[in-house]
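Take the given structure of chain A and dock chain B to it, following the hints.
There are 2 protein chains.
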Amino acid sequence: MQFASESVEILIEQFSKLPTIGRKSARRLAAHVLKMPKKEVSQLATALLEVKERVRACSVCRNITDTEICIICSSSKRAVDMVCVVQDPEDILALERTGEYRGTYHVLGGVISPLDGVGPDDLNIRSLLERIGKPDSEISEIILAISPTVEGDTTAFYLAQLLEPFGIKITRLARGIPVGLTLTYADEATLSRAIAGRDVMSEP
Amino acid sequence: MQFASESVEILIEQFSKLPTIGRKSARRLAAHVLKMPKKEVSQLATALLEVKERVRACSVCRNITDTEICIICSSSKRAVDMVCVVQDPEDILALERTGEYRGTYHVLGGVISPLDGVGPDDLNIRSLLERIGKPDSEISEIILAISPTVEGDTTAFYLAQLLEPFGIKITRLARGIPVGLTLTYADEATLSRAIAGRDVMSEP
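Here the protein sequences line up with chains A and B, keeping their order. Going by the numbering used here, 150 is the number at position 150 of the first sequence; the sequence numbering is gapless. Going by the numbering used here, 62 is the number at position 62 of the second sequence; the sequence numbering is gapless.
Just so you know, nobody snuck in bad clues.
Where chains are identical, the list cannot tell them apart; a pair therefore holds if satisfied intra-copy or between any two copies.
Calculated cross-link-like contacts (lysine-lysine; reagent style DSS-like; alpha-carbon spacing at most 30 Å):
{"id": "1", "residue 1": "K17", "residue 2": "K52"}
{"id": "2", "residue 1": "K52", "residue 2": "K35"}
{"id": "3", "residue 1": "K24", "residue 2": "K35"}
{"id": "4", "residue 1": "K77", "residue 2": "K24"}
{"id": "5", "residue 1": "K52", "residue 2": "K38"}
{"id": "6", "residue 1": "K134", "residue 2": "K169"}
{"id": "7", "residue 1": "K77", "residue 2": "K169"}
{"id": "8", "residue 1": "K77", "residue 2": "K134"}
{"id": "9", "residue 1": "K52", "residue 2": "K39"}
Hints were generated in silico from the structure; no laboratory data involved.
Next comes chain A alone, as it looks inside the complex (with noise of 0.2 Å):
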């Protein structure tokens, strides 16, 4: 048996598609909807729409923004010899939160994962490399703060051998992050032991 209006059912097909949220939810969230004021409904379509219609990569790191370059990236706060890779955009909010780092990031946005079929070159290595290797490049730490699973370790040692020839500083985080752990689900406390404690990869 369905909703006698075939509107609401299309609605409850659409929100179960969305991670977490199985048929039993999408039905409540759908007679949430219902009773919302037709405003409130509509900003929360048009947030949808201006996600994918505003949002790109920031040109330079690879963050998600609204504008070409980043606010991060923009900002002449941040110090411009550190570089972070992380491996999505949602890592660098993980990082942000521990007030510890305040150099830039580079989004990978992903890890080497031959059985998903992605290799370095699905990823943003290019771009990672060209930032480095500008003759007016600042860049003096390059600090690899990917989830320490089995393809977040592959993509790092994958980086590290990459960048040696560059003669620049390359560490990861330390090795306070419960192994096995997405990066994006640690806490604050242990983030900071990681950036402070970050061991050495290379160094020239």
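Here is chain B on its own, set in the frame of chain A:
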């Protein structure tokens, strides 16, 4: 710290207004939307807008519908001598799942609750009286399928008194339903028993 994209932050804000979705879930949903194909996002946005645009109350029973009269009221297979009075459209779904009931419905749109400022005039009671009072009405029984909470019981007793002058049978669901539970979350078996064992509140 926020995402370096204002439109993503707005979407997170909008998501977290929905029930059962906290800040963390909202962030995860927004991250998912970023990865979704544009077409799917626009389907979700359209579904939201369509619901507010198309859904209305059935002119007979006040159930939600996209048409003037809902599919239950317009079906020739439903018994027109029985009307089951429920709180919300969701309760119709729960009752239909039992496969036990073949009559029609009437949606009150809530229960009498002085604390929330809901009085009898805020509910679809007048339209129920009009249905029963019509010269060509074939209604011989009203089943009050209202959640057995304090407010629900108050509403049931209020309706039973109000409907007594019509000289028709008035029943309510048997107390098979665990007292205090909202009708929507009752399991099929309990609801089936409750319909079969409904007790008479007034008889002509």
